[in-house]
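**Student:** Listed below are the residues making up each chain.
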Amino acid sequence: MPQTDMNVGAKRRRLLGGISDTNLLMSITIIVFIIMYLFAIFGLGAGFLKAQTFFNMLNANAALIILACGMTLVMITGGIDISLGGMTALVSMCSAVYLDHHSGSVFGAIMISLGIGLAFGLIQGFLVAYLDIQPFIVTLAGMFFARGMTTIVNTNPFNVQNEAFVKLKETRIIIPGMGSVNKRGVYIDAYIEIGVIVALVIVAALFLFLKWTKTGRSFYAVGGNKQSALMLGINVKRTTFLAYLMCGILGGIGGFVYFMHAGSGSASHATGAEMNAIASSIIGGTMLTGGVGNIIGTFFGVLSLALIQNIVSSAGLDEAWWTGITNASMLCIFLVVQSIIIARRKKANLSADKPAEAKGVKT
Amino acid sequence: MASDVKTAQKTSILTAIIRKQIFIPIAALIILAIFNFIVDPSFFKITLGHNNDGNPILSGNLISIIDYGSELAILAIGMTLVTASSRGQDISVGAAIAISGSVILRVLCGTNSRPESLQAPIIVAFLVSCLVAMAFGAFNGALVSIFKIQPMVATLILFTAGRSIAAWINNNELPVVSDKTFLNFGTVFPGIPVQTPVFIAVLCFIVIWLVMKFTNLRLYVQSVGINEKTSRLNGLNPALIKFVTYVILGLCVAVVGFIKVARIGTINYSVIAKDIEMDAILAVALGGNSLGGGKFNISASVLGAYVIQFLTTTLYKLQVQSDALPAYKAVVVIVLVILSAPIVREKIAAFFKKLRAPAKAGSST
Numbered sequence: 001m002p003q004t005d006m007n008v009g010a011k012r013r014r015l016l017g018g019i020s021d022t023n024l025l026m027s028i029t030i031i032v033f034i035i036m037y038l039f040a041i042f043g044l045g046a047g048f049l050k051a052q053t054f055f056n057m058l059n060a061n062a063a064l065i066i067l068a069c070g071m072t073l074v075m076i077t078g079g080i081d082i083s084l085g086g087m088t089a090l091v092s093m094c095s096a097v098y099l100d101h102h103s104g105s106v107f108g109a110i111m112i113s114l115g116i117g118l119a120f121g122l123i124q125g126f127l128v129a130y131l132d133i134q135p136f137i138v139t140l141a142g143m144f145f146a147r148g149m150t151t152i153v154n155t156n157p158f159n160v161q162n163e164a165f166v167k168l169k170e171t172r173i174i175i176p177g178m179g180s181v182n183k184r185g186v187y188i189d190a191y192i193e194i195g196v197i198v199a200l201v202i203v204a205a206l207f208l209f210l211k212w213t214k215t216g217r218s219f220y221a222v223g224g225n226k227q228s229a230l231m232l233g234i235n236v237k238r239t240t241f242l243a244y245l246m247c248g249i250l251g252g253i254g255g256f257v258y259f260m261h262a263g264s265g266s267a268s269h270a271t272g273a274e275m276n277a278i279a280s281s282i283i284g285g286t287m288l289t290g291g292v293g294n295i296i297g298t299f300f301g302v303l304s305l306a307l308i309q310n311i312v313s314s315a316g317l318d319e320a321w322w323t324g325i326t327n328a329s330m331l332c333i334f335l336v337v338q339s340i341i342i343a344r345r346k347k348a349n350l351s352a353d354k355p356a357e358a359k360g361v362k363t
Numbered sequence: 001m002a003s004d005v006k007t008a009q010k011t012s013i014l015t016a017i018i019r020k021q022i023f024i025p026i027a028a029l030i031i032l033a034i035f036n037f038i039v040d041p042s043f044f045k046i047t048l049g050h051n052n053d054g055n056p057i058l059s060g061n062l063i064s065i066i067d068y069g070s071e072l073a074i075l076a077i078g079m080t081l082v083t084a085s086s087r088g089q090d091i092s093v094g095a096a097i098a099i100s101g102s103v104i105l106r107v108l109c110g111t112n113s114r115p116e117s118l119q120a121p122i123i124v125a126f127l128v129s130c131l132v133a134m135a136f137g138a139f140n141g142a143l144v145s146i147f148k149i150q151p152m153v154a155t156l157i158l159f160t161a162g163r164s165i166a167a168w169i170n171n172n173e174l175p176v177v178s179d180k181t182f183l184n185f186g187t188v189f190p191g192i193p194v195q196t197p198v199f200i201a202v203l204c205f206i207v208i209w210l211v212m213k214f215t216n217l218r219l220y221v222q223s224v225g226i227n228e229k230t231s232r233l234n235g236l237n238p239a240l241i242k243f244v245t246y247v248i249l250g251l252c253v254a255v256v257g258f259i260k261v262a263r264i265g266t267i268n269y270s271v272i273a274k275d276i277e278m279d280a281i282l283a284v285a286l287g288g289n290s291l292g293g294g295k296f297n298i299s300a301s302v303l304g305a306y307v308i309q310f311l312t313t314t315l316y317k318l319q320v321q322s323d324a325l326p327a328y329k330a331v332v333v334i335v336l337v338i339l340s341a342p343i344v345r346e347k348i349a350a351f352f353k354k355l356r357a358p359a360k361a362g363s364s365t
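Line order of the protein sequences matches chains A and B. Taking the working numbering, the leading residue of the first sequence gets 1, the next gets one more, and so forth. Taking the working numbering, the leading residue of the second sequence gets 1, the next gets one more, and so forth.
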């Protein structure tokens with residue numbers, strides 16, 4: 001596997017010399033994802049040919065996609081938010097308690113989720129942007145707070161029985177023409193859940209936001225170099241604040257989508273989701289130093305992690321530790337490849353600059 | 001007039017104390033101690049009792065803070081160095097502790113998971129786990145120093161894989177060691193009433209103090225953390241120094257793993273040292289060290305570690321559920337961090353100045 005990755009990287013580099021770091025890292029991810037999928041289809045049988053296999057990956061990871069999008073936004077501005085997993089648990093627990101113990105409406109639950117996300121975003125954004133406290137510490141405290149709060153709200157995990165919610169949870173959006181015939185010869189429609197639609201809309205909206213709006217582009221400027229961003233007239237503090245605010249709201253939405261998929265409230269929900277979100281962002285080409293990143297890449301990063309898990313479990317390596325080890329080695333390979341590519345590009349840029357300079361002196 | 005001079009002197013002494021890095025953890029300790037004294041004066045009672053084997057043992061809240069704080073204190077030493085040199089934190093320490101603990105049990109137990117007697121001397125097991133932990137530290141260090149990956153991301157790899165590797169080392173079995181000498185390392189040796197982990201922590205602290213005193217490590221680490229380019233131009237090898245700090249952290253991890261395993265004689269891969277990485281990073285931050293690298297103060301970090309343990313014990317005393325503990329911890333941490341933020345401190349200083357200025361004007365007229 002590492003060798004294919006390297007080859008892909010090399011090919012890309014030669015082909016796309018003028019491409020930006022963001023796009024280069026993203027295209028590597030997408031290509032590796034496609035290669036892995038082809039490998040899965042040919043190596044592990046026809047299960048991967050079914051459209052539903054792909055849709056199931058989306059269904060199970062819709063929440064993670066939203067969380068990872070929020071993480072990418074913050075990481076582009078050079079920060080980090082590790083409170084997302086805790087936030088998800090808190091949102092699902094609060095919604096569950098509201099729906100079942102206070103017989104609330106689904107709309108109210110959504111409002112609660114958004115409110116929690118908004119509150120986290122506002123406080124963390126204020127602390128990071130305006131008080132200049134390290135984001136890691138602030139969001140670490142946020143994570144502790146959210147996890148602790150979840151158990152204070154309700155200790156025991158439980159399934160939600162609220163009718164309106166269960167109806168919403170079991171809504172399936174059928175995709176025509178993609179279904180498959182099962183062993184008994186019955187045709188089964190391919191479906192996705194509502195959460196997937198939400199996730200896809202968010203991915204598209206954020207992609208457009210980062211690419212085409214002034215605020216979105218200033219995210220990259222702030223992450224790349226705060227000083228120069230300030231000199232360009234960008235309000236660095238407000239931009240940073242906005243990134244955390246958006247991340248918080250996305251955390252709220254992601255939490256509710258997770259809740260829609262799981263249908264229960266539990267303090268152990270979304271354990272390690274923040275780390276998965278960071279991992280997917282990195283695999284998708286976002287750099288923790290800031291200034292480099294792409295939402296589409298993050299999307300494929302999440303799918304790559306999900307695909308790896310699928311491959312591992314269908315290859316018969318179902319001992320619990322295999323998922324951890326494969327995830328980690330995948331992350332390791334991607335990181336090393338990224339760092340090598342970036343280092344080489346830097347070198348190439350330097351050597352490309354020098355002759356030009358010399359020329360300038362001569363003439 | 002005289003009173004004016006006096007207050008001016010007083011405030012200057014006060015500001016001098018406040019500006020000292022070690023002020024934050026000490027202030028936090030004092031606040032916690034006063035709080036506990038008000039709530040329940042018997043908090044500080046220490047009694048000499050006997051444990052199940054009839055050995056004398058000191059018990060009391062203070063003793064348990066010092067005892068259970070040892071792991072965090074040892075980790076804080078390594079974490080401070082890593083933070084200072086590489087401008088990032090190692091988030092894989094919890095997973096690495098699971099690995100080193102698993103290695104110790106594997107060596108002690110051999111292939112049988114419930115051995116009658118130890119299959120290898122304790123020192124051999126400890127050294128093997130040191131080697132393994134240092135190897136993993138070197139892995140992290142190589143990613144950070146050679147491949148120039150951000151520390152938190154690089155250590156994310158081991159964070160994801162660590163507990164899985166730990167389970168794999170012992171084939172997912174849970175070996176149990178019932179050897180008395182081994183367990184003594186986690187509790188007390190016969191005749192000595194103070195818990196052994198305390199001595200181990202003190203030993204580690206003395207060793208690192210000697211290293212700081214007699215080698216250039218402190219200077220090198222600080223210069224690499226402050227400006228990597230300049231230190232390279234001055235003939236240092238930043239990559240090597242970063243690498244060394246990660247290996248030192250690996251050593252600390254091995255010691256902590258040893259204590260953790262010796263305390264209970266067995267291991268639970270998913271629970272052992274859970275969230276300890278967060279506590280260790282908090283200890284470094286509470287010690288007033290910048291998480292962005294550069295200058296550091298190990299004693300302050302170690303004090304920070306004990307502050308966290310103090311806080312945990314206090315919360316347990318107040319009968320907070322162990323699952324809800326993080327919420328309260330988070331509030332305290334946020335308050336501490338806000339108070340120690342430079343901007344807030346400036347604002348507070350300006351506020352006090354304003355308060356004093358009208359008073360002065362009033363006295364002169």
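Careful: at least some of the hints might be erroneous.
List time: in silico DSS-like cross-link candidates among lysine-lysine, alpha-carbon distance up to 30 Å [unchecked claim]: (1) A:K237 - B:K317; (2) A:K237 - B:K45; (3) B:K20 - A:K347.
Residues of chain A placed beyond 12 Å of chain B at every Cβ, according to the derived structure [said to hold, decoys possible]: (4) I35; (5) G47; (6) G115; (7) M287.
None of these hints come from the bench; they were simulated from the model. As the structure is a prediction and not an experimental result, all values here were calculated from the model. Beta carbons: idealized from backbone N, C-alpha and C, even for Gly.
**Student:** Does each hint fit the structure? Answer for all of them.
**Tutor:** Evaluation of the provided hints:
Of the supplied pair hints, the one linking A:K237 and B:K317 is violated, its CA atoms being roughly 41 Å apart against a limit of 30 Å. In summary, the hint linking A:K237 to B:K45 is not supported, as the alpha carbons are separated by about 49 Å, beyond the 30 Å threshold. Proposed proximity of B:K20 and A:K347 is contradicted: the alpha carbons are some 43 Å apart, above 30 Å. Taking the minimum C-beta to C-beta distance to chain B, about 21 Å, the non-interface status of A:I35 holds against the 12 Å cut.
Its beta-carbon lying about 25 Å from the closest one in chain B, A:G47 satisfies the requirement of being farther than 12 Å from that chain. For A:G115, the requirement that its beta carbon stay farther than 12 Å from each beta carbon of chain B is met, with the minimum near 18 Å. Non-interface status of A:M287 relative to chain B is broken: a Cβ of that chain comes within 12 Å, the nearest being about 8 Å off.
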